[in-house]
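Asker: Sequence:
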Amino acid sequence: MCRTTVEKEQVFLTQSSAGGNNDALIKGIGGYVERLTIVTYIVLAIIGITEMYFGLRLYRNCHRAWIQQEIAMTTMQRIRSSIRGRTEDSVEVYAGMLDAPGNVLLINFVLKSRLSENAKLRISGSYKTIQELIDDLKKYLLPKKSFMAIQTQLQNIQQGSRSVEDYGFEVEKLLTELTITQADGKLDTFSVLKPINENFAINRFSAGLRRSKLSTNLKDAIQAAKDEECTSFQA
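The sequence shown: position 22 = 21 (numbering that gives the first Met the number 0), numbered continuously.
The set of hints was computed from the structure by calculation and includes no laboratory data.
Misleading hints may appear alongside valid ones.
[To be verified] The calculated label-pair distances, taken between Cβ atoms and stated as ranges, are: (1) 96 <-> 202: 41 to 51 Å; (2) 51 <-> 124: 48 to 58 Å; (3) 112 <-> 43: 52 to 62 Å; (4) 57 <-> 162: 39 to 49 Å; (5) 54 <-> 138: 49 to 59 Å; (6) 52 <-> 115: 21 to 31 Å; (7) 206 <-> 96: 12 to 22 Å.
Ideal Cβ placement from N, Cα and C applies to all residues, glycine included.
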């Protein structure tokens with residue numbers, strides 16, 4: 000009888016110990032799962048915030064690019080409808096309203112669609128900056144002179160107190176104006192007249208020098224005169 004009781008107590012204790020171990024194991028697993036769940040939520044939250052951040056940045060960049068494009072398109076439409084009369088003034092007004100890509104579009108627009116054939120002969124076919132285009136528009140697209148007035152001015156030109164470089168620049172300018180005015184926008188005529196007028200300009204340049212020296216090319220004549228001027232200064 001006593002033995003049976005002792006055995007029962009041992010069985011009970013064994014079962015109680017096993018049950019305690021099971022409870023501890025279950026609690027441990029539960030704590031691990033809870034911690035894992037919390038970490039998972041944190042990771043998901045970080046991923047969500049990161050996606051939201053980059054999504055907002057992408058949206059802002061796309062929206063900014065879209066706004067700039069719309070501004071450029073709207074401005075170009077306004078330019079097309081409002082550029083009249085003095086082209087250089089209109090370009091100067093709109094240049095300050097556009098970013099760098101917009102200015103490139105403006106340069107191409109003016110060169111391709113706002114200039115007459117006569118004007119295209121006067122200026123370059125490409126420009127890196129708006130300011131260069133504006134300077135040439137102001138320099139070359141002035142009210143048209145008669146070719147007789149330009150020819151007379153070239154006929155009577157003298158170096159005077161000017162440097163050879165300034166004097167040569169003035170002769171080149173008059174040569175270009177004379178040829179363009181006579182050609183009246185016709186490229187073939189311009190090509191024929193240019194060498195003829197250049198010979199005339201060379202003679203007038205040499206005749207107007209303080210120290211006359213004839214050459215067969217206007218640029219060579221200018222350079223020779225500049226070299227001679229430098230030599231006389233050194234002496």
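Asker: If I claimed the Cβ atoms of residue 51 and residue 124 lie 48 to 58 Å apart, would that claim hold in this structure?
Answerer: holds (50 Å)
Asker: Between residue 52 and residue 115, is the Cβ distance one that fits in 21 to 31 Å?
Answerer: violated (54 Å)
Asker: Using the beta carbons of residue 54 and residue 138, state whether their distance is inside 49 to 59 Å or not.
Answerer: holds (51 Å)
Asker: Using the Cβ atoms, figure out if residue 112 sits within 52 to 62 Å of residue 43.
Answerer: Given a distance of about 56 Å, which is inside 52 to 62 Å, the answer is holds.
Asker: With respect to the beta-carbon atoms only, verify the hint that residue 57 and residue 162 lie 39 to 49 Å apart.
Answerer: violated (59 Å)
Asker: Taking the CB of residue 96 and the CB of residue 202, does the distance hold inside 41 to 51 Å?
Answerer: Roughly 48 Å apart at Cβ, these two residues keep to the hinted range, so it holds.
Asker: Holds or violated: the 12 to 22 Å window for the beta-carbon distance between residue 206 and residue 96?
Answerer: violated (49 Å)
The structure fails hints 4, 6 and 7 (numbered hints given earlier, in ascending order).
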